[in-house]
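Taken in sequence, the protein lines are chains A and B. In terms of numbering that gives the first Met the number 0, the first sequence opens at residue 0 and continues consecutively. In terms of numbering that gives the first Met the number 0, the second sequence opens at residue 0 and continues consecutively.
What the hints contain is simulated information worked out from the structure, not anything from laboratory work. Since the model is a prediction, treat every value here as computed from it, not as a measurement. Don't take every hint at face value.
No copy is singled out in the list; a pair is fine if it fits within one copy or between any two copies.
Below are the DSBU-like pairs computed for lysine-lysine, each with C-alpha atoms no more than 35 Å apart in a straight line [stated by the list, open to error]:
#1 Lys167 <-> Lys44
#2 Lys283 <-> Lys123
#3 Lys345 <-> Lys171
#4 Lys283 <-> Lys230
#5 Lys171 <-> Lys306
There are 2 protein chains.
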Amino acid sequence: MHQVPNTMSEPKNDLFLRALRGEKVERPPVWMMRQAGRYLPDFMKLKEKYSFFERAETPELATEITVMPVHQVGVDAAILFSDILVIPNALEVPVQMVPGTGPVIENPIRTMGQVQQLPDIDVKDRLHYVFEAIEQTNQALEQVVPLIGFAGSPWTVFCYMVEGRGSKTFDKAKEFCYTQPEAAHLLLQKITNTTIAYLQEKAARGCHALQIFDSWGGLLAPMDYEHFSLKYIREIVDALHKTTPVIVFAKGCWFALEQMAQMPVSALGVDWTITPQMAREFTKFNATLQGNFDPARLLSPISEIEKLTRQMIDDFGTYKYIANLGHGILPNIPVDHAKAFVNTVKSYS
Amino acid sequence: MHQVPNTMSEPKNDLFLRALRGEKVERPPVWMMRQAGRYLPDFMKLKEKYSFFERAETPELATEITVMPVHQVGVDAAILFSDILVIPNALEVPVQMVPGTGPVIENPIRTMGQVQQLPDIDVKDRLHYVFEAIEQTNQALEQVVPLIGFAGSPWTVFCYMVEGRGSKTFDKAKEFCYTQPEAAHLLLQKITNTTIAYLQEKAARGCHALQIFDSWGGLLAPMDYEHFSLKYIREIVDALHKTTPVIVFAKGCWFALEQMAQMPVSALGVDWTITPQMAREFTKFNATLQGNFDPARLLSPISEIEKLTRQMIDDFGTYKYIANLGHGILPNIPVDHAKAFVNTVKSYS
């Protein structure tokens, strides 16, 4: 039986959870995608000593990295340091992180036979290190801020499993869908089922909210997006939303915002290529919106960051809103620029 | 004084030009972005023998490549084989094409000093090979179909000149804009002025229409798009539209379609991530629309290609519409799949 720790142990700073519930807040909560990452000098020290998967698979390291931005930048929520590609790894499709190249899968999925041979796994066993990291992180956070857990959308995880590496266009993944739709849907369903079990356990072990990252949904035409991505995201949301707030961030998927706002999500992430006004128009205040500062705009002078951040909040409004970037923070952002962003939100009135 | 050959020498197949003028047509005209390219076996033979810039800078080769898809696939318009990066080359910022990497600029622009040192050039002299290719191509085409000339948008050319190579995010180009806006605008203005002279000469030497490719506009937030890209595209359109029809294709820039439709353009290109219905809603039939078949969807079985192509035309309607892909054709598309797309449009009724 699952515990429901998000109601059992509400953190002291509950702004983020209240915004997810659509309650009025004194000011918008703020966190940053990839906030536990390469722009932090202390993270870089760990990166020099440990490989990517050592960091993700060692609960002590994942904990240390996860809490860093809470203490150093002052965000209102922590997000567990991990990677969306733990799922293929768990499904015995090994992923290597090659410096300078990114994730590489030596034997990508290209046939129905390969899909059928994927094992049925027990995520509690295979991904035990993630769940241990959640528990250790919550201890380290001392219930000060909530902890977000995440997973990739089935389509985005599928993209890597089929393409075998990062890509601008993921043409091989799309080719697989368009030439072998049965095998593609079987694989997407397999990823979906695994992801549901994975996220249910994340919530049970202490995540207060769950975010689904659909990084590559924006490569699909709207009709294909419905069939190959949104359908499976919907299954995940349906399975989780009753016990845990779910956020869906689908980069580049402005065209599906209206449909996504019909799902029982607590929030929708939006990237920086949509105006707050348009995002509200598409979603009609059905869901809290989260976003959408252009990560590259954190390279601007601090006075400009402050001005643009205030403008962003003016445009979204403080009701049903979580301030965030429109995508992950860039490695070359000075820490004081990230702080300027966070502090501008925190002093907004 | 410029000749106006597009009115002086109307090609026999004038469907494309009539659609650009917003006239009623028997069926939509069709061509494909990158139609003179790597999916054609005869192109690959030339590619094995000649380097990229040999092909682009030798009028005989550019002509041969440009007419290939007219004869082999049956498109309603030819587009001159060339590259948007002839502009940096002409501005003495040399571009190399590195196989497997793409364009590389060894000394990218990063300072105001570098911008100020860019020479004032005479495009007629520097880019004479392009204009010779236009004349030879029109002879080879025997006025059967119109010839399109193109250039990159100033922002897109700027991206390469500053970043120094292709990128998913062009963060260095964006950083240059946000930290050195004066230098960025000076460079964008320089590219704009050069592009206007270049496209005016292209029209004078025989291009019946001109297309501006804004491949990387979709990386900018809407407000930044206005300042760093659309402003300069508008200058180009204003300078050209009275003598030659202008098409603007800004990939990923759905958010600016409404403003773009206010420009005196003859057509707007749209990519495959927007539904025809939405594209019409944003542009209100002010401009002819051109697009937007997902290039990866040409990997589908032929019967599926035919069905989806008919659906696309149904959705755009035949009035003020030019059938095309939503981006360049992929190298791994079988020629008979490309033909199926073209023939489905040609037999639409």
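When the hints from earlier in the document are held up against this structure, which numbers fail? Hint 2 is the one this structure does not satisfy, whereas the remaining hints hold.
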